[in-house]
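*Asks:* One letter stands for each residue in the lines below.
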Amino acid sequence: MLKLKVTDRIDVLPRHSLLSLVFSLTAGLLAISVIFLVSGVNPLYAIFKIFSGSFGSLYGLKETVTKAIPLILIGGGLAVAFRAKFWNIGAESQLLMGAIFGTWVGLNWGPHLPWPIVVPLMFLAGFVGGAIWGLIPAILKIKFSINEVISTLMLNYICNEFVKILIVGPWRGKTKHGFPYTDDLPLSATLSVLPGSRIHYATLIVAVVTVILLGIAIYKTRFGYEVRVIGENPDAARYSGIDFFKTTLIIMVISGGMAGLAGVGEAAGIHHYLSYPESISSGYGYTAIIVAWLAKLNPLYVILSALFFAGILVGGDAIQISLGLPAATVQVFNGTLLVFLIMGDFFLKNRVTLQWDLKRN
Amino acid sequence: MADPAAKSNRSANTMKKIDNLEMIGISKSFQDVMANTDVNISIGEGEILGLLGENGAGKTTLMNILYGLYQPDSGTIQINGKDISIKSPGDSRRYGIGMVHQHFMLIPNHSVAENIALGYEMTPLLFPQRKIRDSIITYSKKFNFDIDPSRSVWQLSAGEQQRVEIIKALINGADLLILDEPTSVLTSQETQDLFQNLREMKAQGHLIILISHKLDEILELCDRVTVLQKGRIVGEAQTTDVDKKSLARMMIGREIIFQIEKEPMERSDKVITIDNVMVKNDKDLAAVKGISFSIFRNEIFGIAGVSGNGQRELVEAITGLRTVESGRIFIDGNDITNESVRCIYNSGIAHVPEERIRFGIAPGLRLYENAILKQHHKAKYSNKLFLAYSKIKEHAQKLLSDFNVLAPSINVQTKNLSGGNIQKLILGREISDGPSLLVASHPTYGLDVGATEYLRKQLLKRRREGGAVLLVSEDLEEIFELCDRIAVMFQGEFMGILNSDDLRLKDIGLMMAGSLRL
Numbered sequence: 001m002l003k004l005k006v007t008d009r010i011d012v013l014p015r016h017s018l019l020s021l022v023f024s025l026t027a028g029l030l031a032i033s034v035i036f037l038v039s040g041v042n043p044l045y046a047i048f049k050i051f052s053g054s055f056g057s058l059y060g061l062k063e064t065v066t067k068a069i070p071l072i073l074i075g076g077g078l079a080v081a082f083r084a085k086f087w088n089i090g091a092e093s094q095l096l097m098g099a100i101f102g103t104w105v106g107l108n109w110g111p112h113l114p115w116p117i118v119v120p121l122m123f124l125a126g127f128v129g130g131a132i133w134g135l136i137p138a139i140l141k142i143k144f145s146i147n148e149v150i151s152t153l154m155l156n157y158i159c160n161e162f163v164k165i166l167i168v169g170p171w172r173g174k175t176k177h178g179f180p181y182t183d184d185l186p187l188s189a190t191l192s193v194l195p196g197s198r199i200h201y202a203t204l205i206v207a208v209v210t211v212i213l214l215g216i217a218i219y220k221t222r223f224g225y226e227v228r229v230i231g232e233n234p235d236a237a238r239y240s241g242i243d244f245f246k247t248t249l250i251i252m253v254i255s256g257g258m259a260g261l262a263g264v265g266e267a268a269g270i271h272h273y274l275s276y277p278e279s280i281s282s283g284y285g286y287t288a289i290i291v292a293w294l295a296k297l298n299p300l301y302v303i304l305s306a307l308f309f310a311g312i313l314v315g316g317d318a319i320q321i322s323l324g325l326p327a328a329t330v331q332v333f334n335g336t337l338l339v340f341l342i343m344g345d346f347f348l349k350n351r352v353t354l355q356w357d358l359k360r361n
Numbered sequence: 362m363a364d365p366a367a368k369s370n371r372s373a374n375t376m377k378k379i380d381n382l383e384m385i386g387i388s389k390s391f392q393d394v395m396a397n398t399d400v401n402i403s404i405g406e407g408e409i410l411g412l413l414g415e416n417g418a419g420k421t422t423l424m425n426i427l428y429g430l431y432q433p434d435s436g437t438i439q440i441n442g443k444d445i446s447i448k449s450p451g452d453s454r455r456y457g458i459g460m461v462h463q464h465f466m467l468i469p470n471h472s473v474a475e476n477i478a479l480g481y482e483m484t485p486l487l488f489p490q491r492k493i494r495d496s497i498i499t500y501s502k503k504f505n506f507d508i509d510p511s512r513s514v515w516q517l518s519a520g521e522q523q524r525v526e527i528i529k530a531l532i533n534g535a536d537l538l539i540l541d542e543p544t545s546v547l548t549s550q551e552t553q554d555l556f557q558n559l560r561e562m563k564a565q566g567h568l569i570i571l572i573s574h575k576l577d578e579i580l581e582l583c584d585r586v587t588v589l590q591k592g593r594i595v596g597e598a599q600t601t602d603v604d605k606k607s608l609a610r611m612m613i614g615r616e617i618i619f620q621i622e623k624e625p626m627e628r629s630d631k632v633i634t635i636d637n638v639m640v641k642n643d644k645d646l647a648a649v650k651g652i653s654f655s656i657f658r659n660e661i662f663g664i665a666g667v668s669g670n671g672q673r674e675l676v677e678a679i680t681g682l683r684t685v686e687s688g689r690i691f692i693d694g695n696d697i698t699n700e701s702v703r704c705i706y707n708s709g710i711a712h713v714p715e716e717r718i719r720f721g722i723a724p725g726l727r728l729y730e731n732a733i734l735k736q737h738h739k740a741k742y743s744n745k746l747f748l749a750y751s752k753i754k755e756h757a758q759k760l761l762s763d764f765n766v767l768a769p770s771i772n773v774q775t776k777n778l779s780g781g782n783i784q785k786l787i788l789g790r791e792i793s794d795g796p797s798l799l800v801a802s803h804p805t806y807g808l809d810v811g812a813t814e815y816l817r818k819q820l821l822k823r824r825r826e827g828g829a830v831l832l833v834s835e836d837l838e839e840i841f842e843l844c845d846r847i848a849v850m851f852q853g854e855f856m857g858i859l860n861s862d863d864l865r866l867k868d869i870g871l872m873m874a875g876s877l878r879l
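Residue numbers (this note's numbering), protein chains in the order written: chain H, 1 to 361; chain P, 362 to 879.
Calculated from the structure, these hints are not laboratory results. Bear in mind the structure is a predicted one, so any value in this text is a computation, not a measurement. Every residue gets a Cβ at the ideal spot worked out from N, C-alpha and C, and that includes glycine. There may be inaccurate statements among the hints.
What follows is a set of in silico ranges between Cβ atoms, one per label pair, in the way DEER data are often shown [as the list claims (entries may be wrong)]:
no.	chain 1	residue 1	chain 2	residue 2	range
1	H	S33	P	T437	53 to 63 Å
2	H	H16	P	G480	41 to 51 Å
3	H	D345	P	R727	13 to 23 Å
Bound-form chain H, shown alone:
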């Protein structure tokens, strides 16, 4: 009988990691090719189009960087949460909460204060909003052992509807002729962009600085050490006196807060008002899960993987237009890559061998 045998791989070298990455990306692209073929599109051409659309022109590059900003912020936060094996699927709504809090500060205080005060306050408010929304599942998990995957996912729906209530109800802009948007943020509460692009550089700087700080935190500090011990072995963490409660709360403040920052960036840098949740975020909270995973949960690598996936988002828009593929193609693309990345991780951690079992039929 042919038997599959799975054993722990003892020595994982850096080149194994690299190989597994290359193989899973290649295998993922091959699988996606099948989908393109079925839709009657030459897969090589489609994939070429995606990457030339995002990295092949100055306009594409600018858009790619713009979309990478929220992905870097959220992905960096998720990398920390996932390290401690806290599966935060709720970054999408943590982003929205950040946008809500930031918009409130902008709308109410913006008209009275200069931008050097308003903008930092908006980021601070956004961080707090995202952090609060992230703390809820953390507390539910610690106090009542409620699975965080379920609670974070459910909180996404709640927040989604909450945004809709705000924009059609109490926050509907008087200047918007009945459309479900808030009023425009005053000039002092919007983020300036690099000329000729949509890159709101303040958020970009915040993003890059915070993920670098997080990288240092994970690998050099006491806090990072405790996060890694909890992720590796919660029993050993308890045995060694690490405060599971406190550390998990901090992790979710960081993870939710970073998503909140991204929300402020989107509201104040791109849209300049609060509108439907789908247009504020376009699924960054979910895409960032794959970003964090591709970065091997290293906050520093998140910058690269965020650019990669931002490129796919931009390229996806490009093939929508040029090849007439449905908008969901990009989601399929991203989802497929995630599946293959996780499979790659499995093969990296385990040695799988096929064996003929000759003993007793």
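Take the given structure of chain H and dock chain P to it, following the hints.
*Replies:* Below, chain P alone, put in the same frame as chain H:
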């Protein structure tokens, strides 16, 4: 096959399959460890056979072979004189063998009927519970089991769940029933009920094998007893021919020889005082029932006993991992009852945990990162924010050489080390700071001779250097070799505390079995 008339007292839907069963020359090894060596047992109709032995003596392995969970390396199994081959639990069920495991194999959210239907071969595809209900009620009446098939398993007490397991085995046509430590989860009343049920089953012609390390039970219930030690049979007897004392000797297996290589040493200051401590286990039952003792500098205090008698809970209470319900714990005069793990560690109690891989290390982190698992917050290795990795690596390197840890480098993932080297690393980490008290739970369990020897010498060194050691072990040899005083723990209480030169130690087997209190 028996004469049909002979089974008139059995229910109509089962055919009698086993009149007698023999296991002949069974050997089984796991990697290098011989779990069973040339074991022979036999059992006949209407007989209850006791399998007696310490933990790790090979009782459960032997029965798992009979139940088809393991394949023996050599040896045969015969039913009614004919060779049979059992390759899976399915095979053994068809031959009429059933087993009730120590840990129940039931699904808590399902009803009794659903659980039984799950393992039943003749379960119909649709509405399985309906068909099985009637059989459950029939068996339940026959043996006074009093089980309602529609109740959910999580609502049942341990005793009731056990009866569900027994009914499950019977409905699957078991003539021979194997019970693995069945009373370990039962109250004494439930135990009496179980024994009544088993006697009833015996009267109806069932064969029963009872795995146990409790002498009282074996003597009370069994007709014959086979004693295993380190995988070999060391004695067989009719229970009418033996008493507790001789059984205990057989189980421990050796005349207890005091071969103390440790130098005599006067104990000095009192280090820890445990005062009338009560602790509950995970099931919220009292596991440690008011224990008091003290340990002194230059002393190794041993707790002997079969595991599961509250040792783990006591250790966890001392090290801060479990809540003390009542009573107090003092270290060097300071009350540390129910303080945090970190606070207790800082006040001088180090801990080599029972399951070293599960608690002692983070397997995926590097060796040097595990070298400071409990000390990382100390000023030596970090300030408020950053870890001092150069000092940590220096410390790890020192641990490797001081404690003889064999590892390619301090950068390897800790899971790649062998068990013995992991244990040396943990011990080194725990004692390098010179704690007042070292709590060591089963420190040499499963280690090879060399590592065992090394670790024991380290414990003696700790004693020489003025430390106090609390050693919890099932290995009596280890206890006798190292300890100055020995407490025997049974069902959450000390059956006595003896000096290592006390002649009454020869009856330690009786004390471990709870039938002698000094």
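*Asks:* Does the beta carbon distance between H16 (chain H) and G480 (chain P) stay inside 41 to 51 Å, or does it fall outside?
*Replies:* With a Cβ separation near 43 Å, H16 (chain H) and G480 (chain P) satisfy 41 to 51 Å, so the hint holds.
*Asks:* Please check whether S33 (chain H) and T437 (chain P) have a Cβ separation lying inside 53 to 63 Å.
*Replies:* Between S33 (chain H) and T437 (chain P), where Cβ atoms are some 58 Å apart, the hint holds.
*Asks:* Using the Cβ atoms, figure out if D345 (chain H) sits within 13 to 23 Å of R727 (chain P).
*Replies:* 19 Å, holds
In terms of the numbered hints stated before, the structure departs from none.
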